[in-house]
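There are 2 protein chains.
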Amino acid sequence: MKTSISLEEAQATLLTLVRPVAQGQVPLLAATGRVLGRDIQSGVNLPVFSKSPLDGYALQAKDSEQAKPSQPVTLTVIEEVRAGYVPRNKVMAGTAIKVMTGAPVPEGADEIVKFEDVTREGNSIKLFSPVTPGKNVIRAGEDVIQGETIAPGGMVVTPPLVGLLAAIGVAAVPVFEKVRIAILSTGDELLDPSRDLLPGKIYNSNLHSLGAYCLQLGTAPVDMGIVPDETTAIAARISQALQASDLVITTGGVSVGDYDVVPAALTQLGAELIFWKLDMKPGSPVIAASYNNKLIIGLSGNPAAALITFDLLVVPLIKKMMGLEKQFPLKVSAILTENFNKSSQQRRFLRARVQRDKAMNYVKLTGEQSNGVLKSMIDCNALIDVPAGSGPLLAGQEVSAVVLGHEPGGFL
Amino acid sequence: MKTSISLEEAQATLLTLVRPVAQGQVPLLAATGRVLGRDIQSGVNLPVFSKSPLDGYALQAKDSEQAKPSQPVTLTVIEEVRAGYVPRNKVMAGTAIKVMTGAPVPEGADEIVKFEDVTREGNSIKLFSPVTPGKNVIRAGEDVIQGETIAPGGMVVTPPLVGLLAAIGVAAVPVFEKVRIAILSTGDELLDPSRDLLPGKIYNSNLHSLGAYCLQLGTAPVDMGIVPDETTAIAARISQALQASDLVITTGGVSVGDYDVVPAALTQLGAELIFWKLDMKPGSPVIAASYNNKLIIGLSGNPAAALITFDLLVVPLIKKMMGLEKQFPLKVSAILTENFNKSSQQRRFLRARVQRDKAMNYVKLTGEQSNGVLKSMIDCNALIDVPAGSGPLLAGQEVSAVVLGHEPGGFL
Numbered sequence: 001m002k003t004s005i006s007l008e009e010a011q012a013t014l015l016t017l018v019r020p021v022a023q024g025q026v027p028l029l030a031a032t033g034r035v036l037g038r039d040i041q042s043g044v045n046l047p048v049f050s051k052s053p054l055d056g057y058a059l060q061a062k063d064s065e066q067a068k069p070s071q072p073v074t075l076t077v078i079e080e081v082r083a084g085y086v087p088r089n090k091v092m093a094g095t096a097i098k099v100m101t102g103a104p105v106p107e108g109a110d111e112i113v114k115f116e117d118v119t120r121e122g123n124s125i126k127l128f129s130p131v132t133p134g135k136n137v138i139r140a141g142e143d144v145i146q147g148e149t150i151a152p153g154g155m156v157v158t159p160p161l162v163g164l165l166a167a168i169g170v171a172a173v174p175v176f177e178k179v180r181i182a183i184l185s186t187g188d189e190l191l192d193p194s195r196d197l198l199p200g201k202i203y204n205s206n207l208h209s210l211g212a213y214c215l216q217l218g219t220a221p222v223d224m225g226i227v228p229d230e231t232t233a234i235a236a237r238i239s240q241a242l243q244a245s246d247l248v249i250t251t252g253g254v255s256v257g258d259y260d261v262v263p264a265a266l267t268q269l270g271a272e273l274i275f276w277k278l279d280m281k282p283g284s285p286v287i288a289a290s291y292n293n294k295l296i297i298g299l300s301g302n303p304a305a306a307l308i309t310f311d312l313l314v315v316p317l318i319k320k321m322m323g324l325e326k327q328f329p330l331k332v333s334a335i336l337t338e339n340f341n342k343s344s345q346q347r348r349f350l351r352a353r354v355q356r357d358k359a360m361n362y363v364k365l366t367g368e369q370s371n372g373v374l375k376s377m378i379d380c381n382a383l384i385d386v387p388a389g390s391g392p393l394l395a396g397q398e399v400s401a402v403v404l405g406h407e408p409g410g411f412l
Numbered sequence: 001m002k003t004s005i006s007l008e009e010a011q012a013t014l015l016t017l018v019r020p021v022a023q024g025q026v027p028l029l030a031a032t033g034r035v036l037g038r039d040i041q042s043g044v045n046l047p048v049f050s051k052s053p054l055d056g057y058a059l060q061a062k063d064s065e066q067a068k069p070s071q072p073v074t075l076t077v078i079e080e081v082r083a084g085y086v087p088r089n090k091v092m093a094g095t096a097i098k099v100m101t102g103a104p105v106p107e108g109a110d111e112i113v114k115f116e117d118v119t120r121e122g123n124s125i126k127l128f129s130p131v132t133p134g135k136n137v138i139r140a141g142e143d144v145i146q147g148e149t150i151a152p153g154g155m156v157v158t159p160p161l162v163g164l165l166a167a168i169g170v171a172a173v174p175v176f177e178k179v180r181i182a183i184l185s186t187g188d189e190l191l192d193p194s195r196d197l198l199p200g201k202i203y204n205s206n207l208h209s210l211g212a213y214c215l216q217l218g219t220a221p222v223d224m225g226i227v228p229d230e231t232t233a234i235a236a237r238i239s240q241a242l243q244a245s246d247l248v249i250t251t252g253g254v255s256v257g258d259y260d261v262v263p264a265a266l267t268q269l270g271a272e273l274i275f276w277k278l279d280m281k282p283g284s285p286v287i288a289a290s291y292n293n294k295l296i297i298g299l300s301g302n303p304a305a306a307l308i309t310f311d312l313l314v315v316p317l318i319k320k321m322m323g324l325e326k327q328f329p330l331k332v333s334a335i336l337t338e339n340f341n342k343s344s345q346q347r348r349f350l351r352a353r354v355q356r357d358k359a360m361n362y363v364k365l366t367g368e369q370s371n372g373v374l375k376s377m378i379d380c381n382a383l384i385d386v387p388a389g390s391g392p393l394l395a396g397q398e399v400s401a402v403v404l405g406h407e408p409g410g411f412l
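So the protein sequences, as listed, match chains A and B.
Using full-length UniProt numbering, the first residue of the first sequence is number 1, and each one after it goes up by one.
Using full-length UniProt numbering, the first residue of the second sequence is number 1, and each one after it goes up by one.
Extracted from the complex, chain A is given alone in its bound form (with noise of 0.2 Å):
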């Protein structure tokens, strides 16, 4: 098992043992938000039919190539066509068929004329000036040729794809499923938030912060509640975890204590270690391990921590397992708008939010830093990367960010 390794490192190892999960088929509306399964071509054209954009006459467009002011063309209208029916008359030569705004264009007319540019006296209609054919038809296959794919695998589901699904008549669509993801809290001093407070213990927050993050990216969170320092109840758990979910994220217990009893878990249960501590603050207390090509993933018991080794390692593995295409966040350069005092021996990472001011990138702290402290994840958007051997970083310097998912709408 190595320890004490980089980000990227961790990153690469885990990615190559994850996959994404199996795929289902879903309603129209509940795959929104969903990761498409696969490459989706359209089976029809659309529009399926040529059709009238407006409220007119369909007609022959040669008919009209006399027609002056001065010598209108009259043509008998021979039939009225609304959207939703079939003309059962073709056009041919002086004759027009009134359509309305979605009705097929009928055979025979090459052109729809407006309603405002004709006069109609009885069954004839009265045209001015020539038309030009096709000016004003929609024709089949306009927005969507037959065959044509209309969107690729791993895409994100968005409203308009589940129009243009619906419009080709895709009734379900075939998405991955949801990865179901477990997560359990170690530690003899947690509490649930809905439990009086006792002497000694605190409010446990990870299950909740993590199964928002969850939920949040469109996965299935599984509460497997909070486990005390024991070895055999924490393998216990895990163990059950592992049957519930496609992966497993414990917090607390990884630090190298007395009581820190994820690692003496895994290694109880018959897990293969992978890796133990990352080399960067915070969160470098992590430990992964697989078992039954199921990866487990053991964060802090710090909040912050926790919350920043999910964002920067597990949500990538996440990422891939639900199928999409893109894994990793955003990097940008900001400028710093205030100092950092403190030296980073170690690499870094800064709760910090990043705004654009027209052509530039600014980032400014998000306040308190230390492992425990929540607050300053609130308006967090992004973490500073500072590398090791950074001494005190200063207003106007350039760094480097990593744009976090928390915040709908991401950072503009």
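You may find that some hints are simply not true.
Given that identical chains are not distinguished, each listed pair holds provided it fits within a single copy or across any two copies.
[Claimed, not checked] Capping the alpha-carbon separation at 30 Å, the derived lysine-lysine pairs in DSS-like fashion look like this: (1) K114 with K135; (2) K364 with K90; (3) K135 with K281; (4) K62 with K342; (5) K178 with K135; (6) K358 with K326; (7) K2 with K281; (8) K281 with K114; (9) K135 with K277; (10) K135 with K90; (11) K294 with K326; (12) K358 with K277; (13) K358 with K114; (14) K114 with K2; (15) K68 with K342; (16) K342 with K281; (17) K281 with K90; (18) K331 with K90; (19) K364 with K326; (20) K294 with K126; (21) K2 with K68; (22) K364 with K331; (23) K135 with K68; (24) K331 with K320; (25) K358 with K126; (26) K358 with K331; (27) K320 with K114; (28) K277 with K114.
Read the hints as simulated data drawn from the structure, not as lab findings.
Following the hints, position chain B against chain A.
Just chain B now, kept in the frame of chain A:
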């Protein structure tokens, strides 16, 4: 009733007519992505008690004042405390209590010294240098002070906020209820995509694309189905929709043709017509009405026009109803990277994709711009706002664009 008003006048008029919906309480995980109903003040300090950030010994710093490598100070270890438990003893001069990460700082102690920085023999430890009081202590209230506002009403509940709410013991979160949005599509030509296609018919996409958009926004779409082009049937269905929802959206039947029956249905219902038609392309045929303090907005039946007017006109109303503070989309300037050869007599919104390249926004069109064409909505993350009276647009020209919210993560 006004006609052919500007988008901005329509927005301003309708925004005065909607209010945020009622509030309720939901469990922590279910609050993810919902809108916080009110400011949340913490009822506790966070952490609740001062605690140890590491595995070490709690002591009185003044005991260490004389400690040197050549003359270590010896302290007696009188107890051991793990996270989750409460010390039974006080630390007094000459004593220390072994504490594990997360354990409360025992009374009388003002500093924790790391395991690695002392030597232990039997029941005593040796200190080799002075320690600084308070350096290795996580102080009660360091993250959040009792009474502090941790999040403002109107904020979207993000995963870190779920964590912070859990940490302060909030198990039921006050959020705005889900806005219920009834959607119905009118048109004799429409079939649901689950049906077999028939001659002259088309698959209805608007119910599905708008429903998906409602889901993505975090609202509850109410599917009111397809109604034929009959005034009485439409009036009856709108009446049912009003019962079942906070806002009613219809598609189709809002132009000025013989069969544009939605305005007639609204009149028959006794709804107050607010305006008809917007001075823009696409999506000009929009009608807005109110009935018993609920809005009914009739959008074009053209799939792209329906989505675009939903985006520009309806989404800000929905965001106000959701309780969100920020209701309007971002507007950006961008350099057009291709020509658009048509002149625009009327204000026009073009489907486009904005991308940032370092200092600059660039925008390209996403394909065919006809009212009915859905394909160009798929890659669309912005609408170029072309003012009335514009000539053709040229590559290299600066244009204004409204950024849309279809895509998770926004435009990056």
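The hints, checked one at a time:
1. K114 with K135: within (11 Å within a copy, 82 Å between copies)
2. K364 with K90: neither (70 Å within a copy, 42 Å between copies)
3. K135 with K281: between (65 Å within a copy, 18 Å between copies)
4. K62 with K342: The answer is between: 26 Å across copies meets 30 Å, while 82 Å in one copy does not.
5. K178 with K135: Intra 47 Å, inter 45 Å, cutoff 30 Å: neither.
6. K358 with K326: both (26 Å within a copy, 20 Å between copies)
7. K2 with K281: Only inside one copy: K2 and K281 sit 18 Å apart there, 61 Å across copies, limit 30 Å.
8. K281 with K114: between (69 Å within a copy, 18 Å between copies)
9. K135 with K277: between (67 Å within a copy, 24 Å between copies)
10. K135 with K90: within (19 Å within a copy, 91 Å between copies)
11. K294 with K326: Within one copy only: 22 Å inside a chain, 42 Å across chains, cut-off 30 Å.
12. K358 with K277: neither (40 Å within a copy, 35 Å between copies)
13. K358 with K114: neither (46 Å within a copy, 48 Å between copies)
14. K114 with K2: Between copies, since 25 Å is at most 30 Å while 75 Å is not.
15. K68 with K342: between (85 Å within a copy, 27 Å between copies)
16. K342 with K281: within (13 Å within a copy, 56 Å between copies)
17. K281 with K90: neither (77 Å within a copy, 33 Å between copies)
18. K331 with K90: neither (61 Å within a copy, 50 Å between copies)
19. K364 with K326: both (27 Å within a copy, 22 Å between copies)
20. K294 with K126: Close neither inside one copy (76 Å) nor across copies (46 Å); limit 30 Å.
21. K2 with K68: So K2 and K68 fail the 30 Å test inside a copy (87 Å) and across (37 Å) alike.
22. K364 with K331: Answer is both; intra-copy 16 Å and inter-copy 23 Å each pass.
23. K135 with K68: This pair counts as within: shortest intra-copy Cα distance 19 Å, inter-copy 95 Å.
24. K331 with K320: Answer is within; shortest intra-copy Cα gap is 18 Å, inter-copy 33 Å.
25. K358 with K126: neither (57 Å within a copy, 59 Å between copies)
26. K358 with K331: both (18 Å within a copy, 12 Å between copies)
27. K320 with K114: Classified as neither; 53 Å inside a copy, 40 Å across copies.
28. K277 with K114: between (73 Å within a copy, 19 Å between copies)
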